[in-house]
Amino acid sequence: MCQACDSFLDRLFAKGVLHETGVDGLYGRGQAFEAVIEGMDRLITRTAANDHAEVIRFPPGMNRALFEKSGYMKNFPQLAGTVHSFAGSERDHLALLDNIHNGGDWTGGQGATDIVLTPAACYPLYPIVARRGPLAPEGGLFDIQSYCFRHEPSKDPARMQMFRMREFVRIGLPEQAASFRESWLERARDFAETLQLPHHIDVANDPFFGRAGRMMASSQREQALKFELLVPIESTENPTACQSFNYHQDHFGELWGITTASGETAHTACVGFGMERLALALFKHHGIDTNGWPNSVRAALSL
Amino acid sequence: MLDTIRRLVDEQGRLSKAATAIGDDADLYAAGLTSFAAVQLMLALEETFDVEFPDHMLNRRSFSSISAIAGCLHELKGEEAA
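Line by line, the protein sequences give chains H and G.
For the first sequence, my numbering begins at 1 and goes up steadily by one.
For the second sequence, my numbering begins at 1 and goes up steadily by one.
Since the hints were made in silico from the structure, they are not lab data.
Be aware that one or more of the hints could be misleading.
To be verified - Below 30 Å or equal to it, Euclidean Cα-Cα: the simulated BS3-like pairs (lysine-lysine) are:
#1 H/15 / H/155
#2 G/17 / H/69
#3 H/74 / G/17
#4 H/155 / H/74
#5 H/226 / H/155
#6 H/69 / H/226
Please work from the sequences and hints to get the whole structure.
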C-alpha cells in the first residue's frame with residue numbers, strides 16, 4: 001500500500017481544491033477552497049460585527065525600512081523573504097540571460113527593492129497607527145488582512161509559504177489589550193464549535209531563531225503571552241495552530257512610539273486567523289467535497 | 001563577580017535605575033528588564049565570563065536577579081573547574 005501517493009495534499013490536488021506549482025508550500029486555490037475562505041471571512045466579520053473595528057487590507061509586501069525597524073530579522077531571520085529586482089545595464093542583462101540559459105546563478109546581480117514580503121498581517125499596521133498620534137481614550141481596534149510569507153517549505157499542506165492571515169489588533173491600555181484577548185479566547189471556542197472542528201487551546205511560543213530565540217520562546221511561554229487554537233490536520237500528536245492569541249505587552253507600542261490618550265506607552269494584542277489552515281482543517285474533517293459537509297457548517301459558511 | 005554582573009546589567013539591561021541601586025535578590029524584570037534586553041544580557045554574560053548557558057538555563061528565571069545570574073555562573077564555572 002502506498003501511503004505517500006494518497007496523502008491529504010495529493011487528494012487536495014487530485015480534486016482541484018489546491019493546484020500544485022512545483023514548490024512546496026506554494027499552491028493555487030480552486031473554487032471550492034476559495035468559497036470556504038470567503039465563507040469564513042464572512043463568519044469572522046459577523047462574529048466581530050459589534051466591535052466596529054477599522055478595516056484595513058494590505059498587499060503582500062511591506063516597506064523594507066519599516067520591516068527593518070520592526071526587529072523581525074532579530075528574531076526570525078530564517079523565515080523572512082525580501083523582494084529583489086534587476087537594476088543593471090544592457091550588458092548586465094545579457095549576462096543575466098546567459099546565466100538563465102546555462103542554468104547558472106542569475107539572481108546574484110539582483111538588487112534589494114524597498115519592499116519585503118509581509119511576515120505577519122499586523123506588521124504594517126503599527127507604523128500607520130503611530131503616525132496618527134496619541135490614541136483616543138477608548139484605544140484602537142483594527143480588522144486587517146494580508147497575504148503573508150514565511151520561508152518554511154514543507155509537504156504539510158498546512159505549512160504554506162504564502163497564506164492569508166486575518167487579524168484583529170487591539171491597541172490601548174494594558175487592561176484593554178488583556179480583555180480583548182480574553183474575549184477572543186472565548187469566541188474561538190464558539191467559532192471552532194460552529195465549524196464542528198475538534199480543537200483545544202494551549203499556550204505556545206513563536207519560532208524564534210537560535211539560542212537567543214530559545215530564551216525568547218521560553219520567556220513567552222512562562223508569561224503565557226501566546227495561545228493557539230490547535231486542530232489536528234496532518235497529525236493528532238502535533239495539531240496545527242489555526243488561530244493565535246497574542247499579547248505583546250508594550251513591545252510594539254515602545255518600538256513604534258504609540259501612546260495612549262494619557263501619554264503612556266500603548267499595549268497591543270492581536271488575534272490571528274490562519275485562513276488556509278482553517279480551510280484545510282475543514283476539508284480534513286468534513287471531507288474533500290464540500291457538498292457532503294454537515295448542513296450547519298455549510299450554513300455557517302454560506303456554502 | 002557581582003560587580004561585573006552589575007556592570008553588564010547596566011550596559012545591557014536598559015533599566016530605569018542603576019544596577020548598584022538594585023539588591024542582589026531584587027526582580028530585574030520588575031526593574032524594567034525586557035525579554036529582548038535579557039537576551040542581550042545573556043550574550044554579554046557568556047562573552048565576559050567565557051561560558052555558554054545550556055538550554056535548561058535559557059529561561060526567564062535564570063536572569064531574574066543578580067543572585068540568580070550569579071547562581072547560574074557558579075554552576076557553570078563549578079562544572080568547568082571539576
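Evaluated hints:
no.: 1; hint: H/15 / H/155; verdict: holds, 17 Å
no.: 2; hint: G/17 / H/69; verdict: holds, 26 Å
no.: 3; hint: H/74 / G/17; verdict: holds, 26 Å
no.: 4; hint: H/155 / H/74; verdict: holds, 27 Å
no.: 5; hint: H/226 / H/155; verdict: holds, 26 Å
no.: 6; hint: H/69 / H/226; verdict: holds, 22 Å
Every hint from the earlier list agrees with this structure, and none is contradicted.
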